[in-house]
Amino acid sequence: MKGAVEVSDLVVKRGGKEVLHGLTASVSRGSVTGLLGPSGGGKTTLMRCLVGVQVVTSGAVYVLGEIAGSPGLRHRVGYVTQSPSVYADLTVLENTRYFAAVLGAGSASAEQAIADVGLKEQATQLVATLSGGQRARASLACALLGDPELLILDEPTVGLDPVLREELWAMFASLAAAGTTLVVSSHVMDEAGRCDRILLLREGHVVADDTPDALRRAAGTEDLDQMFLTLIQQRAEVA
Amino acid sequence: MSWRITWATAKRVLTQLSHDHRTVALLIVVPSLLMVLLRFVFDDDAIFDSVGLPLLGVFPLIIMFLITSVAMLRERTSGTLERLLTTPMHKLDLLLGYGIAFAVAAALQAAVATGTAYLLLGLDTQGAWGWVVGVAVGNAVLGMALGLFVSAFARSEFQAVQFMPAIVLPQFLTCGLLIARDQMAGWLEAISNVLPMSYAVDALKEIGAQAEVTGTLVRDLAIVFGATVVALGLGALTLRRRSG
Numbered sequence: 248m249k250g251a252v253e254v255s256d257l258v259v260k261r262g263g264k265e266v267l268h269g270l271t272a273s274v275s276r277g278s279v280t281g282l283l284g285p286s287g288g289g290k291t292t293l294m295r296c297l298v299g300v301q302v303v304t305s306g307a308v309y310v311l312g313e314i315a316g317s318p319g320l321r322h323r324v325g326y327v328t329q330s331p332s333v334y335a336d337l338t339v340l341e342n343t344r345y346f347a348a349v350l351g352a353g354s355a356s357a358e359q360a361i362a363d364v365g366l367k368e369q370a371t372q373l374v375a376t377l378s379g380g381q382r383a384r385a386s387l388a389c390a391l392l393g394d395p396e397l398l399i400l401d402e403p404t405v406g407l408d409p410v411l412r413e414e415l416w417a418m419f420a421s422l423a424a425a426g427t428t429l430v431v432s433s434h435v436m437d438e439a440g441r442c443d444r445i446l447l448l449r450e451g452h453v454v455a456d457d458t459p460d461a462l463r464r465a466a467g468t469e470d471l472d473q474m475f476l477t478l479i480q481q482r483a484e485v486a
Numbered sequence: 010m011s012w013r014i015t016w017a018t019a020k021r022v023l024t025q026l027s028h029d030h031r032t033v034a035l036l037i038v039v040p041s042l043l044m045v046l047l048r049f050v051f052d053d054d055a056i057f058d059s060v061g062l063p064l065l066g067v068f069p070l071i072i073m074f075l076i077t078s079v080a081m082l083r084e085r086t087s088g089t090l091e092r093l094l095t096t097p098m099h100k101l102d103l104l105l106g107y108g109i110a111f112a113v114a115a116a117l118q119a120a121v122a123t124g125t126a127y128l129l130l131g132l133d134t135q136g137a138w139g140w141v142v143g144v145a146v147g148n149a150v151l152g153m154a155l156g157l158f159v160s161a162f163a164r165s166e167f168q169a170v171q172f173m174p175a176i177v178l179p180q181f182l183t184c185g186l187l188i189a190r191d192q193m194a195g196w197l198e199a200i201s202n203v204l205p206m207s208y209a210v211d212a213l214k215e216i217g218a219q220a221e222v223t224g225t226l227v228r229d230l231a232i233v234f235g236a237t238v239v240a241l242g243l244g245a246l247t248l249r250r251r252s253g
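Protein sequences appear in the order of chains P and W. So for the first sequence, my numbering puts the first residue at 248; every next one is plus one. So for the second sequence, my numbering puts the first residue at 10; every next one is plus one.
Worth flagging that the hints you see were computed from the coordinates, not collected in a lab. Take these hints with a grain of salt, some might be off.
[What the hints assert, rightly or not] Derived coverage of chain W by chain P (criterion: at least 3 residues anywhere in the stretch with Cβ under 8 Å from a Cβ of chain P; other residues may be distant):
hint, region
1, 77-89
2, 93-105
3, 210-216
[Unchecked claim] Using 27 Å as the maximum straight-line C-alpha spacing, the simulated DSS-like pairs for lysine-lysine come out as follows:
hint, chain 1, residue 1, chain 2, residue 2
4, W, K100, W, K20
5, P, K367, W, K100
6, W, K100, P, K260
Note that CB positions come from ideal geometry on N, CA and C, so glycine has one too.
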């Protein structure tokens with residue numbers, strides 16, 4: 248079976264500058280893939296390509312067997328942007344109910360999604376009055392609606408305390424176990440260990456693409472921060 | 010397009026408004042207060058009939074233009090627009106959803122302002138008051154459509170609010186309220202002939218002067234409706250699923 252995501256020779260320019268230089272990668276179904284690397288490395292741009300909101304210069308992006316952004320994918324792919332994209336002047340529940348209606352998911356799923364991200368107590372609170380981490384979770388809740396087959400999550404754990412981070416990663420793992428494919432970006436290296444596979448991006452190039460264990464072995468270190476540095480140095484020496 | 014999504018969007022926009030009590034209060038009270046002010050500024054029933062009546066149509070256009078351009082700019086800058094365009098939502102669902110929501114708000118506003126003008130201030134027209142409310146709602150939807158379109162060209166709320174004087178005030182100056190359109194210089198009249206507010210004001214003047222529904226009124230309303238459709242179409246073009 249083909250992967251959930253197949254990217255080949257992807258070139259993207261933003262603001263006249265090339266940010267992805269012929270990138271090729273694939274993501275298998277029912278897995279959690281971590282998109283890691285320093286900020287400005289092209290993580291968000293790649294995710295925008297997968298969702299189909301980015302103008303692509305050249306190359307091909309296939310998602311769930313269709314060209315990224317095709318109308319047929321619009322209820323099969325969930326997307327959470329880096330800054331929370333929910334309505335600040337609505338309550339959490341009003342937000343999830345609205346997006347549930349747009350996606351054709353029942354209003355029961357609106358309440359379930361809120362419970363999934365741990366915002367039950369804040370359900371009737373206006374989003375504007377929530378903390379940054381709570382807003383991010385409200386935004387995540389809206390992407391879980393309608394059980395998408397592919398979830399693209401841009402830095403979903405920024406600003407969350409360790410307990411909540413742990414809970415979210417456990418939820419990602421259980422979603423993947425149930426068959427959902429997740430692509431999760433992060434610049435926190437210790438989150439890499441929670442992924443089935445890591446795609447390390449730097450300056451628009453794939454620095455590494457393997458399982459966390461294999462990457463640790465290749466770099467000869469257990470420490471993920473150190474691993475990243477070593478991999479970049481190795482790559483620089485080859486080049 | 011889907012009625013389910015359109016309807017959900019209209020409901021969502023109205024819910025957003027309903028959380029903002031001050032905006033609702035301003036929406037409903039301000040046009041009526043301005044009518045009261047106008048009545049006492051002129052202190053003359055005949056002038057109030059000729060100036061106050063067209064203004065019942067101009068206020069909703071201006072107010073809905075402002076509200077929509079800011080609301081739409083927020084959709085764009087908060088990322089919610091991009092998110093919506095990754096869902097099965099059709100552009101038309103979003104545009105019509107906003108249209109329905111603001112038409113409801115405008116109907117409420119126009120009913121209160123028209124009621125104030127007729128019952129408290131003694132406005133006198135040949136045509137029925139219901140037509141006045143109808144034209145006011147139509148104008149509000151036109152204002153919404155224009156606001157939606159120009160919001161695409163604003164990068165900040167500062168810019169968005171300044172499109173009001175840039176886009177709406179020229180229409181106000183040439184719509185025939187200050188000086189009859191046929192008394193303006195030829196080139197000015199030509200400009201006013203292609204600006205939609207001129208026809209909104211003409212329609213209201215027609216209601217003031219004629220008891221029956223005339224061909225002129227129908228033509229004016231058709232032009233306002235057509236301008237709304239064109240503005241919505243242009244607005245739809247600015248909603249891009251993919252951006253650079």
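*With a Cβ-Cβ cutoff of 8 Å, does the region 77-89 of chain W contain at least three residues near chain P?*
Contact hint for the region 77-89 of chain W vs chain P: holds, 3 residues under 8 Å.
_Hinted pair K100 (chain W) and K20 (chain W), Cα distance within 27 Å_ = holds, 17 Å
_Next pair to validate is K100 (chain W) with K260 (chain P); report whether the Cα-Cα distance is within 27 Å._
holds, 26 Å
*asked:* Between the alpha carbons of K367 (chain P) and K100 (chain W), is the straight-line distance 27 Å or under?
replied: violated, 32 Å
*Three residues minimum, CB to CB under 8 Å: does the region 210-216 of chain W make the cut for coverage by chain P? Let me know.*
violated (count 0)
*Go check the region 93-105 of chain W versus chain P for me, would you? Three or more residues, Cβ under 8 Å, otherwise it fails.*
holds (count 6)
Checked against the numbered hints given earlier, the structure breaks hints 3 and 5 and satisfies all the rest.
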